Amino acid sequence: QKEVEQDPGPLSVPEGAIVSLNCTYSNSAFQYFMWYRQYSRKGPELLMYTYSSGNKEDGRFTAQVDKSSKYISLFIRDSQPSDSATYLCAMRPIIQGAQKLVFGQGTRLTINP
Amino acid sequence: EAGVAQSPRYKIIEKRQSVAFWCNPISGHATLYWYQQILGQGPKLLIQFQNNGVVDDSQLPKDRFSAERLKGVDSTLKIQPAKLEDSAVYLCASTSPGGTNYGYTFGSGTRLTVV
Numbered sequence: 001q002k003e004v005e006q007d008p009g010p011l012s013v014p015e016g017a018i019v020s021l022n023c024t025y026s027n028s029a030f031q032y033f034m035w036y037r038q039y040s041r042k043g044p045e046l047l048m049y050t051y052s053s054g055n056k057e058d059g060r061f062t063a064q065v066d067k068s069s070k071y072i073s074l075f076i077r078d079s080q081p082s083d084s085a086t087y088l089c090a091m092r093p094i095i096q097g098a099q100k101l102v103f104g105q106g107t108r109l110t111i112n113p
Numbered sequence: 001e002a003g004v005a006q007s008p009r010y011k012i013i014e015k016r017q018s019v020a021f022w023c024n025p026i027s028g029h030a031t032l033y034w035y036q037q038i039l040g041q042g043p044k045l046l047i048q049f050q051n052n053g054v055v056d057d058s059q060l061p062k063d064r065f066s067a068e069r070l071k072g073v074d075s076t077l078k079i080q081p082a083k084l085e086d087s088a089v090y091l092c093a094s095t096s097p098g099g100t101n102y103g104y105t106f107g108s109g110t111r112l113t114v115v
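In order, the protein sequences belong to chains A and B.
Counting from 1, one number per residue, gives the positions in the first sequence under my numbering.
Counting from 1, one number per residue, gives the positions in the second sequence under my numbering.
Note that these hints are calculated values from the structure, not bench results.
Please read all numbers here as calculations on a predicted model, not as lab measurements.
Incorrect hints may have been included.
What follows is a list of derived Cβ distance ranges for each label pair [unchecked claim]: (1) A:Ser52 <-> B:Pro81: 43 to 49 Å; (2) A:Asn112 <-> B:Pro81: 40 to 46 Å; (3) A:Gln31 <-> B:Thr76: 30 to 36 Å; (4) B:Asp56 <-> A:Arg41: 24 to 30 Å.
Taking beta-carbon pairs under 10 Å as the criterion, some of the chain B residues facing chain A (in silico) [stated by the list, open to error]: (5) Gly3; (6) Trp22; (7) Gly40; (8) Gln41; (9) Gln48; (10) Asp56; (11) Phe65; (12) Ala88; (13) Cys92; (14) Thr105; (15) Phe106; (16) Gly107; (17) Ser108; (18) Gly109; (19) Thr113.
Don't be surprised by glycine CBs; every beta carbon is placed ideally from N, CA and C.
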């Protein structure tokens with residue numbers, strides 16, 4: 001069983017739709033949770049991070065963490081064609097110095113105009 | 001702030017040949033990582049440096065992969081000899097000790113094709 005599971009998609013939605021991306025994990029030591037966006041032929045860029053259960057909002061993006069269920073989500077409201085990319089969840093334990101991130105497989109998202 | 005620089009951007013080699021990738025992290029970032037991203041998969045850590053010392057190389061195939069970070073700044077990753085399954089994007093990332101809550105800054109990667 002992989003430590004982090006993410007549906008690879010692909011996911012295709014019309015412009016303006018609400019997008020939900022999800023990851024599950026098995027390691028209860030994970031405490032920091034991040035979402036990266038990766039455009040084609042580019043490196044991943046950090047989109048959002050959180051370290052507690054609950055919701056965190058940033059503009060059109062909302063990150064949600066449910067540690068009891070070992071489940072994290074990223075919601076994109078009013079999706080735009082420029083949001084078309086691969087979205088990677090990533091997580092790590094809170095141990096000082098142990099900065100290794102474990103990534104999900106990535107979900108390929110296309111927003112159709 | 002300049003980003004993480006990597007070169008070359010693309011490389012095509014035949015199996016059993018050797019190849020080297022170079023990374024220059026963000027100035028002042030003590031921690032440097034090399035990740036391997038196979039097509040359709042998430043990045044997988046190969047090696048982590050703290051300054052010029054290795055912190056984690058547990059997933060580095062040491063029979064063919066090697067990495068160094070002389071002087072605690074630039075880093076090189078080498079593959080010798082390459083196999084077909086090494087075809088992937090090799091990503092370099094860096095972070096500062098106080099920036100662990102914010103994830104890494106990645107370079108654009110080197111896309112390796114082994115034929």
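Glycine 3 of chain B as chain A interface residue, shortest Cβ-Cβ below 10 Å: Result: holds, 9 Å to nearest chain A Cβ.
Status of the glycine 109 of chain B interface restraint (C-beta, 10 Å, chain A): This interface hint holds because 5 Å falls under the 10 Å limit.
Serine 108 of chain B as an interface hint toward chain A, with CB separation required under 10 Å: holds, 5 Å
Given hint glycine 40 of chain B near chain A, where the shortest CB pair must fall under 10 Å: The hint holds - glycine 40 of chain B has a Cβ within 10 Å of chain A, the shortest such distance being about 7 Å.
Interface hint status, glutamine 48 of chain B versus chain A (Cβ within 10 Å): Holds. Min distance 6 Å.
43 to 49 Å as the expected CB spacing between proline 81 of chain B and serine 52 of chain A, which holds or is violated: At roughly 47 Å between Cβ atoms, proline 81 of chain B and serine 52 of chain A fall inside 43 to 49 Å, so the hint holds.
Beta-carbon spacing of asparagine 112 of chain A to proline 81 of chain B - inside the hinted bounds 40 to 46 Å or not: With a Cβ separation near 44 Å, asparagine 112 of chain A and proline 81 of chain B satisfy 40 to 46 Å, so the hint holds.
Hinted contact tryptophan 22 of chain B with chain A - closest CB pair below 10 Å: violated, 15 Å
Closest C-beta approach of glutamine 41 of chain B to chain A relative to 10 Å, hint status: holds, 6 Å
Interface restraint verdict for threonine 105 of chain B against chain A (beta-carbon cut-off 10 Å): Interface hint status for threonine 105 of chain B: holds (8 Å vs cutoff 10 Å).
Interface hint for aspartate 56 of chain B, Cβ within 10 Å of any Cβ on chain A: holds, 6 Å
30 to 36 Å as the expected CB spacing between threonine 76 of chain B and glutamine 31 of chain A, which holds or is violated: holds, 33 Å
Consistency with the previously given hints fails for numbers 6, 11, 12 and 19, ordered from lowest to highest.
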